[in-house]
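There are 2 protein chains.
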Amino acid sequence: MDENKTFFGVSRRALLSAFAALPALPVLFPVSASADIAGDPLPSWNDTASKKAIVAFVERVTKQGSPDLVPEAERIATFDNDGTLWAEQPMYFQLAFALDRVRALAPLHPEWKDKEPFASLLEGDLKGARAGGEGAIFQIVTATHAGMTTVEFEKIVHDWITTAKHPQTGKLYSEMIYQPMLEVLAYLRGNGFQTFIVSGGGIDFMRVFAERVYGIPPEQVVGSSGKLDFEMRDGKPILMKLPELSFNDDKGGKPVQIQMHIGRRPIASFGNSDGDQAMLEWTTSGSGPRFGLLVHHTDAAREWAYDRKSAVGQLNTALDAASKWGWTVVDMKDDWQKIFPFGSK
Amino acid sequence: MDENKTFFGVSRRALLSAFAALPALPVLFPVSASADIAGDPLPSWNDTASKKAIVAFVERVTKQGSPDLVPEAERIATFDNDGTLWAEQPMYFQLAFALDRVRALAPLHPEWKDKEPFASLLEGDLKGARAGGEGAIFQIVTATHAGMTTVEFEKIVHDWITTAKHPQTGKLYSEMIYQPMLEVLAYLRGNGFQTFIVSGGGIDFMRVFAERVYGIPPEQVVGSSGKLDFEMRDGKPILMKLPELSFNDDKGGKPVQIQMHIGRRPIASFGNSDGDQAMLEWTTSGSGPRFGLLVHHTDAAREWAYDRKSAVGQLNTALDAASKWGWTVVDMKDDWQKIFPFGSK
Chain U
43 MDENKTFFGV SRRALLSAFA ALPALPVLFP VSASADIAGD PLPSWNDTAS KKAIVAFVER
103 VTKQGSPDLV PEAERIATFD NDGTLWAEQP MYFQLAFALD RVRALAPLHP EWKDKEPFAS
163 LLEGDLKGAR AGGEGAIFQI VTATHAGMTT VEFEKIVHDW ITTAKHPQTG KLYSEMIYQP
223 MLEVLAYLRG NGFQTFIVSG GGIDFMRVFA ERVYGIPPEQ VVGSSGKLDF EMRDGKPILM
283 KLPELSFNDD KGGKPVQIQM HIGRRPIASF GNSDGDQAML EWTTSGSGPR FGLLVHHTDA
343 AREWAYDRKS AVGQLNTALD AASKWGWTVV DMKDDWQKIF PFGSK
Chain W
43 MDENKTFFGV SRRALLSAFA ALPALPVLFP VSASADIAGD PLPSWNDTAS KKAIVAFVER
103 VTKQGSPDLV PEAERIATFD NDGTLWAEQP MYFQLAFALD RVRALAPLHP EWKDKEPFAS
163 LLEGDLKGAR AGGEGAIFQI VTATHAGMTT VEFEKIVHDW ITTAKHPQTG KLYSEMIYQP
223 MLEVLAYLRG NGFQTFIVSG GGIDFMRVFA ERVYGIPPEQ VVGSSGKLDF EMRDGKPILM
283 KLPELSFNDD KGGKPVQIQM HIGRRPIASF GNSDGDQAML EWTTSGSGPR FGLLVHHTDA
343 AREWAYDRKS AVGQLNTALD AASKWGWTVV DMKDDWQKIF PFGSK
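Protein sequence lines, in the order shown, are assigned to chains U and W. Residues 43 to 387 in our numbering are what the first sequence spells out, letter by letter. Residues 43 to 387 in our numbering are what the second sequence spells out, letter by letter.
It is possible that some hints are incorrect.
Because identical chains share one entry, a pair is satisfied inside a single copy or across any pair of copies.
Claimed, not checked - Straight-line Cα separation of at most 30 Å, DSSO-like style, residue types lysine-lysine; simulated pairs:
| no. | residue 1 | residue 2 |
| --- | --- | --- |
| 1 | K269 | K293 |
| 2 | K278 | K94 |
| 3 | K207 | K375 |
| 4 | K380 | K105 |
| 5 | K380 | K94 |
Since the hints were derived computationally from the structure, they do not count as laboratory data.
So that you can see chain U by itself, here it is in the shape it has in the complex (with noise of 0.2 Å):
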């Protein structure tokens, strides 16, 4: 497996190094995501050309009698998730996930004590467990995210989703969301969009709180996703999830995953990373109107700042792609008046 290569779109190089950040523990609070879509539909963006840019294009393909104007059956918007919806550093959110399970199953795997990349995870030896390479990032997957069925997962999701905080900023995970890009799909809802979510992450893993944090449904849920075994148990049905990767959603795999779930193409598509660049090749070299939109994470002081070296969600090669292919770039410290729904970090 190269350097590019990616478990659940965690690329091995980013896994290894986040391995350096383990979560705290903080207090809890209730998540309140709703965009305000009263009078203006983008409220927490600032008047710039990116918050232009996104109310032309749907005027555009949405207003009775505009030469451009798009059926509602082919409205499709896809968002990549980690740092597009909601934010990954200091590293992804459902890796912080992995080794908090890794941590909460220890006691049931007495032999992890002695067997790498648990033994050294486990003792806070990161250089230890990376020295496994990617078997050992294979192990961690598996271990925390196969070998139950699909409802005994999703239950261990909620669990951990409705508790688990961020290290930095106390708040959970799904608190860590992007007020402007909630309105961004209430805006498009609105309008008459579906809005897909097309991430490197997990399927089942997002579709957990998809609904109830970014009002997407399961079925509007692209990902990754392991192999699952239909199986009777005790005269019952259950879906098995399986240790084997099935499909890597990222790079070229999100066209791919958009045509096998959605079976059209984009007319919008929203990203933040070099994984999502094909994604939006994909959607803006169709014929007739169309829209790509990258976040750049620029707000060191509210959020983040970085892009081209970042071991999460780098944005390279796509951030010099932008201007060929016509795609807005959003400055988050100059185009957001808001980051998240409390605040910012």
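Since the structure of chain U is already known, use the hints to place chain W on it.
Using the frame of chain U, we list chain W on its own:
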């Protein structure tokens, strides 16, 4: 590959035996397939137990004040396609497409003259073609379903489905859809259901006509699929169809694909063969009100009569399972007042 393995939902046995019946060339008819839902929502159903069971279920889960009211978001219904929404005799219609394609492509492949299974096939020697077993089938499928872009394939299917005729009725294949099932689709959608196809047929094959013929948009069509590759051609992105099976959406694969694509367990499922048994089991073993229905092909005069020993659409173990699980079994001869929109065979 054993006898039960399938390609695009077509079992080896069915595929080989279907070689015996190649389509002839009849006249063109326009398609008219909308269900009459004024007053009685199911006018093509006789007033028998099957119709009553459908109506009772829909009222139970949708009537305000019903203790079993199901929220709209959870009103998911899944339908098999071959033998459930359209006919499948004397061979799966997608197989007729594949054989037509072999004949159409033959002039571009002079080497087929000396290459099995094509040589035998083109000479009408079906016994010779089947001598190659599963390898032969794989070659027929890949020669006709891969090596082109998704857009190119859609055009080929569109041209075929709007012109090719059924050998016995002389109707377009897309006219050989069941009027009673069109009414069920419309009735469910009128009651807040989402209606998905979950078929062993090829996902990109069905999507070409499912919206026009059944009112089911591409994102609600689930099926078998080949692998895709995202590539750049002359600076523009394309999706190439590769000669490799990605997913076989049959038997236990149906609940798996339901989980992958929809992410919710359906509350109602409709099928007609053993390939649908796992889907109906998965659906009807959930908690709360559930509905499973099997179309039993019992009408040799107006359609076809086949079940336990049929090479196409075998209905054997699922028929035995129906009473255990409480599924409704439609007796096509007694329950359906009308078969196709144009009448019957």
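Now for the hints, and whether the structure bears them out:
Proximity of K269 and K293 under a CA criterion of 30 Å is satisfied in both settings, with 20 Å inside one chain copy and 16 Å between copies. In this assembly of identical chains, K278 and K94 lie within 30 Å of each other by CA distance solely across copies; the values are 27 Å between and 54 Å within a copy. When the C-alpha separation of K207 and K375 is checked against a cutoff of 30 Å, the pair qualifies only within one copy, where the shortest distance is 24 Å, while the shortest distance between copies is 61 Å. For the homomeric pair K380 and K105, the shortest alpha-carbon distance inside one copy (28 Å) is at most 30 Å, but the shortest distance between copies (43 Å) is not.
With identical chains, the CA atoms of K380 and K94 are at most 30 Å apart within one copy only, with a shortest distance of 17 Å there and 55 Å across copies.
Violated hints: none; the structure is consistent with every hint.
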